[in-house]
Each structure stands twice: as C-alpha cells, then as structure tokens.
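Trainee: Make the full structure from the sequences, and use the hints.
Keeping their order, the protein sequence lines are chains D and P. Quick note, in my numbering, the first sequence goes up one by one and the last residue is 224. Quick note, in my numbering, the second sequence goes up one by one and the last residue is 1094.
Any given hint might turn out to be false.
Stated by the list, open to error - DEER-style ranges, computed between Cβ atoms:
no., chain 1, residue 1, chain 2, residue 2, range
1, D, G221, P, T1068, 18 to 28 Å
2, D, K78, P, T1057, 51 to 61 Å
3, P, E1042, D, N182, 16 to 26 Å
4, P, T1068, D, L147, 16 to 26 Å
Derived from the structure by calculation, the hints contain no laboratory data. Using N, Cα and C, we set each Cβ at its ideal position, and we do this for glycine too.
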Amino acid sequence: MTIEFVVNIFGKTFIIPETIVNVWIIVIVLFIFALIVNRKVKKLKVDEKPSNFLNVIEMYVEMIDNLVKDTMGEKHVKSFGPYIFTLMTFLLFANLIGLIGLTPPTSDYSVTLTLALITFTLTQFFGLKNNGFVGYLKGFTEPIALLTPLNVIGEIANPVSLSFRLFGNIMSGVLIMTLVYNAVGFFAPLVAPPLHAYFDIFSGVLQSFIFTMLTMVFIGGNLD
Amino acid sequence: MLQGITSEAFILGCSAIGAGLAMIAGIGPGIGQGHAAGRGAEAVGRQPEAQADIVRTMLLGQAVAETTGIYGLIIAIILLFVRPLLTAYLNLGL
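Mentor: The structure is reproduced here in structure tokens:
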C-alpha cells in the first residue's frame, strides 16, 4: 500500500513520498492518542484504582523517566524527559509501522537526518551554554592543539553516524523484506513472520532504544 | 570478449562488483560485536544481579561498533540504487 501526493506550487511539481505521508499518519495517530490519554488522566480520582490501559501508560512513562535519570542525572528529568519520551514514542511507531504494510518513515534518510540534527544542535547549544564561547572553542584543542582538525571531524561525524545507523538498519530490513516477498510469492505467509519478528520488532525496537540512548549520552555529556 | 557489451552495462556490472566489495566491511563489526557479546556473557556470569545494566551497556557498545559496517552498507546501497557512476558517465556526453 502506497500513498503519494503530487503538489503543484508556483508551476513546479513536488512529489511528496510515501515515507513523509507516513510521518503525518504517525503524528496524527500519536496526537489523537495523547488527547485520549490526557482526557482519561484528568478524569482520574485519587481514591480509585486506575484502569489497565492507564497502568501500562504509567509504566511506560516511568520507564523512560528512569532511563533519563540513570543517563543524564536526577535534575534533568523534568527538562529532558518530555523530549526523550516523544523521540522514543515516535521512533517506536515509525519502526513498527512496517508490521501493518506501510513503509517505515525511518527508511527515508531525510527523517533520520532531521532527528540526528536536532540532537546535534542540542549538544552544541548546551556545550556553548555551559562552557562559554571561549571554553567551548578550547574544548576542541584538547589534549593538544595539533588534534583540533580531528576533534572537529569527530564532532561532525556524530550526527552522520547517528542518522546512518538508524537509516541503514531499517533500510536494509525493508530491502531484504521486499526481496523475500518477491522471491517466495505464494509462500510469503509461511516465510515472512519470523523475518518480520527480527527486522521489524527486534531491530526496530533496539534501534529506537539505541538512538534515544545515544541522544541522551551526547546531550548529557555537555550538561554540567 | 568485451565487444558485445555496452559501456552502460559495463559500468552497471562494475558497480555491482563494487557494492559486493563494499560489504566486506561487514566482517569487522561481526567480529567486534561477537567479542562484546562474549565479554557481556562473561560479565553476567560473574555478576548475575547486574544483568540489566550489563545488557544495556553491551547493546549500546555494539551499536556504536556497528557504525563502520553500516557505512559499507550505505556505500553498497548507493552504488546499486542511486548509480552515481552511471550518471557521471552519461554527463560526460561521450
């Protein structure tokens, strides 16, 4: 199933690929989901036990908060918890959407590069804010001034490797699944489920965890 | 022997060989990740109560070690599907 839009702006034709449309689908689904959870939480009474659905949501939120607390420290949970939570939820939905037959948005390099650039900007911003401009520039000349080019390249390589890792893993999964579906034909219902379990569920959940984890490590390294 | 082959087909074939060669990069991460997994198993055997932390650190390290292999994979995918060499040849206008 593919959904594509062709947009005409000022006489130029733009094709909006299906991965971008899938991002919109995920955003709308998450938005409605958040509204439902918000309404249910607001209705909650203190002396009543919460429903199963709210219990699962609470466990998930607590898990992410604990992860942030372990990696970045206790006092950053309030400021960075929401962003990490959003990133993790979006990546989980984006990687698992392959299970219902849509193309994962993360198999498009523009999506992963955008997410990695957000991490890069946050990292540099907090590096500047916490060390001051001179201290930030001085950080590149350590341990000796001769290594400055290497340090700069190493800093730029972070978002590249971060985005390529997510993109490469999901993209190779999509490629292999497409090849398998074309090769086995009618036997696809027998052959595909274990491959889906590996490429979509295991690899997808692991890669979204690793992306969030590395984001936390990079940003946390520049926080005081 | 090469007489019946067009230049475009020759470039496509060489791109496929290049993609295969680029995937040799997969050897390194395989060894590295296996090593990390082995050490992780050792650590869990020594300290079973710290299993959650050990597994998390191991997976993170393996993901970082995987980067070079992913670079090779990206090169292979670009050679196969984007075909920069063929575009460059066609732009020469020979």
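Trainee: Is the hinted range of 16 to 26 Å satisfied by the C-beta distance from E1042(P) to N182(D)?
Mentor: Cβ of E1042(P) to Cβ of N182(D): about 42 Å, so the range 16 to 26 Å is violated.
Trainee: Verify the CB-CB distance for T1068(P) and L147(D) against the hinted window 16 to 26 Å.
Mentor: For T1068(P) and L147(D) the Cβ distance comes to about 21 Å; the hint holds.
Trainee: Within 51 to 61 Å: is that where the Cβ-Cβ distance between K78(D) and T1057(P) falls?
Mentor: This hint is violated: roughly 26 Å between Cβ atoms.
Trainee: Quick check on a hinted range of 18 to 28 Å for G221(D) and T1068(P), using CB atoms only.
Mentor: 22 Å, holds
Against the hints set out earlier in the document, violations occur for numbers 2 and 3.
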